[in-house]
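Input sequences plus hints: build the corresponding full structure.
2 protein chains.
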Amino acid sequence: MISKVKNAMSNLVGGMMPHGHHHHNNHHSGGGQTCGQDSLPPRFPYGRPDFLDLTPELLQYSTEHASRPVLALKRGSRLPWQTGYAEVINAGKSMLNEDQASCEKLFVKKPSGKHRNSTLVDDNGDGTGIPLQFWGVFDGHAGSGAAIMASKLLHRLIRDGLGEICHLLENPSSAPPICLAKNGSPYQAEAKKGATQEAEDPDAVCDSSVRFHMEKVVSLESLIMGVIETAFKQMDDLIEKEKTSYAISGGCCALAVIHLMGKLYVANSGDSRAIIIRNNEVIAMTNEFTPESERQRLQYLGFLRPELLGNEFTHIEFPRRIQHSELGKKMLYRDHTMTGWAYKTIVEDDLKFPLIYGEGKK
Amino acid sequence: MISKVKNAMSNLVGGMMPHGHHHHNNHHSGGGQTCGQDSLPPRFPYGRPDFLDLTPELLQYSTEHASRPVLALKRGSRLPWQTGYAEVINAGKSMLNEDQASCEKLFVKKPSGKHRNSTLVDDNGDGTGIPLQFWGVFDGHAGSGAAIMASKLLHRLIRDGLGEICHLLENPSSAPPICLAKNGSPYQAEAKKGATQEAEDPDAVCDSSVRFHMEKVVSLESLIMGVIETAFKQMDDLIEKEKTSYAISGGCCALAVIHLMGKLYVANSGDSRAIIIRNNEVIAMTNEFTPESERQRLQYLGFLRPELLGNEFTHIEFPRRIQHSELGKKMLYRDHTMTGWAYKTIVEDDLKFPLIYGEGKK
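Line by line, the protein sequences are chains D and X. Numbered per our numbering, the first sequence spans residues 22 to 383. Numbered per our numbering, the second sequence spans residues 22 to 383.
No lab work stands behind these hints, which were simulated from the structure alone. Among the hints, erroneous ones may be present.
Label-pair restraints from in silico Cβ distances [to be verified]:
#, chain 1, residue 1, chain 2, residue 2, range
1, X, Arg342, D, Thr104, 26 to 34 Å
2, D, Leu325, X, Arg342, 24 to 32 Å
3, D, Glu380, X, Thr366, 55 to 63 Å
4, X, Pro152, D, Gly331, 45 to 53 Å
5, D, Val303, X, Asn111, 48 to 56 Å
Glycine included, each C-beta is placed from N, C-alpha and C at the ideal position.
Pasting the structure below:
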């Protein structure tokens, strides 16, 4: 074990550390799959957030579980919005710090042909466009790969999604049109004005008398929320896709705060929490996902798609693990439709590991 | 049409009115299935709540859409808890009043062999047991059958469910045991005391040293909530089962209020609302189910089980219906993961009727 750690540490300094190594052997239960992953290159090398600007020596120092040094911004360096930051590694739960953070200033602009759908474009570009300030924290679990990748790319996905609606952001006083032409220009608004048909759009209806019953009005803000929510999903899909070519270990919570056009947007998926402190009062800006808050949704999924439980889990919740000797007795349980509890007779299937277990952080 | 109504009215007075007839022919879109149902006998004859104690003449009078008489309790009759009640038929949306109500005093007691699982037992029995006061309102849709059946049986299902845990209700000071023996006695509590094995239970573990990590504590109140939630589900299952033998038309909202052992329990499924008025202040006790509140849950179901959409509906929400001429353009949409909106290119599948449409009552 010691030699393995030493070897990993020397790789680490060289920036080649494969993600997801742990002190505890029982974390290697992935077995063959983990070994297969190890032969793939990491998507991004292990490191701490860019804004800490660590030297290789400091990076190595940051992983010492015995001294647990607190890392903060370098003296004299400044982040936008007087952002503060400090981190410390855990007491030995994982060899590397699996959590990540990012703080980026970006510019939203119309996608140009060559940059379309490229998340590799420089963050700052040429400094033109609508400014966007992004903060993110990514609480990694069972490996640092997903958190590193999300900290490098989530803000770019959001920027690119906003770029697609850039022409709407530039006219914030008018509500977004329900329908756009293929080239992205406001189709319906044009049609209602009775404008001439767009050249690329031979089917355009120009009858300005068309009216729609129960048409919902959608605000620009909810369009921005839609971009952020979609980017979270795209980030997930991208990790899944790139896992075929790279070693991307673990998963992570994602908490993103975006300042755009005078408004602050906060999005969370997982068990972190954003707070605002004002006049010594703590205002929670997000709610954590916990086994309690997500129980019914996940049980419902397990109920509807039992094949996802892989014959290993039961979607029914019990107040504790059941022993084999209790078969045939009655145990308290909760199903996806219930907030209260009832008794059911224990059958063989109930001995499987419960999909929902524990209560999360307190 | 007139002769059909006349015929229905004469059937009504004879108590043989099949449920679910409407003035409007477009409500008969069920076609063959409805005709098939009509040949089955109704599960319960049409009527108004028992506590109104209407004569056949008053029952007929109650259905007059022109005069719309207000029905209230008979002079001199009293309901428990000074319960008040008044109803009036709609202005012609349906021929009969599809809504129902119930107000019942029941007694919870241990199930005896012959009465077990019988929802046909008299409500009052011999007046022994734990008293339970039940109020229910059932807002029927597309027929009165389901609302009538629920108003006759839901309180009995709740009473019988509580009867199964009667021995726990009788000892409210001790928390319900996690596990019961097959005969319903508190199994684990016995085992922890190291009592002798129960005769019918040869596998009983009597090792009092057995301790469970992360065992949840379940209150008696959450057990009562579990009974009520389970009864709602049982009511649904019973309607489905009896539809093979009886004509049970439509569906209904169910709002139940139960007073038991000094506490008031309120349960709702649908778009009714329970309120308490205190010092002229209105306190909402339930939240209605609306297309807005249930959107993501239903979209998620449609996404996970597309076969339930019958190739007729799309689980994606759009701000309005899409026209065929808009194929290939971009339309605002929301999927089950989103609270905000985004644009998607319209494909053939998006022309289907949306699963979520409209915003419910305002």
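- Query: Hint by hint, which ones does this structure get wrong, listed from lowest number up?
  - Reply: When the structure is compared with the hints, numbers 1, 3 turn out to be violated.
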